[in-house]
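**Student:** Below, each chain spelled out in residue letters.
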Amino acid sequence: MSEFYEGMAEILEVDATEINADYELGEAWDSLAIVSTIALVDEVFDKAIGADTLQECRTVGDIEKAAQAA
Amino acid sequence: MPSLPLARSRHDVPACIACVATHVPDEVLSNEQLAAEFSGWTADKIFEKTGIRERRIAAKGETALDLAVAAAERLFAENSKPRELVDFVILCTQAPDHILPSSSCILQERLSLRKAIGAIDVNLGCSGFVYGLSLAAGLISAGAASNILLVTADTYSKYINDRDKSVRTLFGDGAAATLICADGKGDAGIGPFNFGTDGSGADRLIVPAGGFRRPSDACSSVEVEDRSGNVRSADDLFMDGAAVMSFTLREVPTMFRNLLERANLDEADLSAIILHQANKFMLDSLQKKMKIPEEKMPRRYEQIGNTVSSTIPFVLEQEIASGRLGEGSRVALLGFGVGLSWAGAIVTF
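Protein sequences appear in the order of chains W and Y.
No gaps in the numbering here: position 38 of the first sequence is 38 in the working numbering, and each next residue is one more.
No gaps in the numbering here: position 115 of the second sequence is 115 in the working numbering, and each next residue is one more.
Same shape as in the complex, but just chain Y (with noise of 0.2 Å):
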């Protein structure tokens, strides 16, 4: 474990990440089966444009819900902490059961947490780990809660048309348990945060129907071929890669380092610096804009592909199994994605 010097920062709440677990769905989406299915591509060019092999796809009638369900089975199984413990729940995802009521409540009775506890859904993509743990480190610093279960699940292949491989290439379904737990002693601490919105670019990575603005009828739900010979209705999830990257290139270096001077920290106060699990090749770009030392920036991808908001947990949950995370270790967490939206945050093992 590195050791660091572990000046509190003004910023941080006392809390800590006390443990992580993830799930994926059973069925595999390989590179050799897109390939199969769009011609002029071969399983070794999505690799090396990707970094990705395979994603994980949930099932007909597996929803996000059932995944968070699975994240936090495992994580009380894996870990001493009971779930009588947990006295608030926050459920990040985009692709609920129902209009109403919130998952979250339903994933409390699935769970069969206490009734008298706190649970509220967070409608975030591939920020919405930090905006999470962001809400959680707010309870616990109010004194509303002091064990908080984060839980982070989407399912974005329901919303990709099997025709476009701009998307399917990428998102993979999954998700992550984080138990967030106050904590007095030490030097573990959350915070501080650098947040960031651009709602001018709502319109760049989205789901243009099945809302009230524009509901889902039988004009949303045609196909058209885009320039780049890609599939979709308006019912489906569209991406537009080139300004989504413009974006990444813009916003996440800039919060990176407002985050730092926030902190009042170096970069070389920190043991990783975890990015949102986008692609290799966005990752790649970041890696050398922000300067970040190959083995301060873990990566998990290869696998799973980009789950989204679990992303983050799923490094997260890889590097402390590993011992590379643990505790005295510190961290920059940075999401950004759909929103458009952004968050950092430096986390205090």
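Next comes chain W alone, as it looks inside the complex (with noise of 0.2 Å):
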């Protein structure tokens, strides 16, 4: 399990194990889960990305796309 997807499950409130890249934001997807994971990104991969770009995101592969590419 990388570190980014244990981050982003402990954001989204789910178990580790639920976490992929098809995984679906919905309902979690408040403006604290995106403060949440512009801090989780600068930590894991030392990005930075914009709250614009996270909002647009639909599954924690796209955070994981965007990142790469900030």
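For the record, the hints were derived by calculation from the structure and aren't laboratory data.
All C-beta atoms in this analysis are idealised placements derived from N, C-alpha and C, irrespective of residue type, glycine included.
A couple of the hints might just be wrong.
As the list claims (entries may be wrong) - With beta-carbon atoms standing in for the labels, derived distance ranges:
id : chain 1 : residue 1 : chain 2 : residue 2 : range
1  : W       : D15       : Y       : E327      : 45 to 55 Å
2  : W       : E6        : Y       : R250      : 20 to 30 Å
3  : Y       : N264      : W       : D52       : 32 to 42 Å
Two chains, two frames, some hints: make the complex.
**Tutor:** As structure tokens, then:
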């Protein structure tokens, strides 16, 4: 399990085993989750990602791709 | 007390933080109360996310100036420094009693300070204490004043919509009084400083209406629900938490590096790094990124929340009272927030 998936599981308040690239962010993807993800992406990838970009993400994989492209 | 190498930096002013005293209003806003108001939140979840258990809220009719007076009176009561000593007062607040005059002038009268002194207001938020300290050091350095009372006081609760959990969970009201004295003895010194400003982020932490750009009117008081279910009007405080997090992670570690470089110091030379106490989550993120050891990063927000410009002196008071800070201690103070504005300082006790 990657550090990023573990962090996303914590943010989305689900078990880490449930997280994969296709995991849908859904209802849990609120402003607090986005703030937490900005810090997680900074910590794991050392990349700065904007709230607008994160707002558009629908799955955990989308965030991963956006972070790597940042 | 840790013994540290105390070679005087070329950029500091021979002055000291002589004493600090704080004050919070009586009314408590607990996580249990907030959980009862916001469905889907529990007291434990609020604590886990923010690290805050309760905040103090100013009563109706109780202003930042009232809190400022109480903090300063406590400072005079608890220390041997008489009020006649004060020859300049700086009040940092974003909730003044009036549009004019400056609240600091009224503070002079309320505290029965001498009339032959200077008084100015500073309108800054979370960076305000460090900016106030820089003005005090400048006045001392210029020989313009010797004993400066710096008071930080705010009542953000009065700007916060009851139905906006994004800010209601974080901010608490409070005030701190700090006496800064010219001191040619020992190694005590204030500075160097490092400043930063980015007005392009002004709208990320703002009360949009109520000034002259957009006076309050029927339209500005219309409440709107955002996509996270928080309700506010243009008369209320708005914080874009994501933008503030991004700004903080970008600027604060850089400011700290630049400050150490300017002071010709290493992190090992510091007994503590005192950051603006925004909330647990933001401080945890900064701690990881800046790799600050736990014991060097004192905190104080659990019982008071984010008190804006007073958070740093609240920590100073706690650390001085516990004996962890005292003569010979050298600390970095790092403030950041609304403006966007940030500032860092090295202080040697």
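**Student:** Now, for every hint given, state plainly whether the structure supports it.
**Tutor:** Checked hints:
1. W:D15 <-> Y:E327: 45 to 55 Å: Holds, since D15 (chain W) and E327 (chain Y) (Cβ atoms, about 52 Å apart) stay within the stated range.
2. W:E6 <-> Y:R250: 20 to 30 Å: Because 24 Å falls inside the window, the suggested range holds.
3. Y:N264 <-> W:D52: 32 to 42 Å: Given about 40 Å between the Cβ atoms, the range holds.
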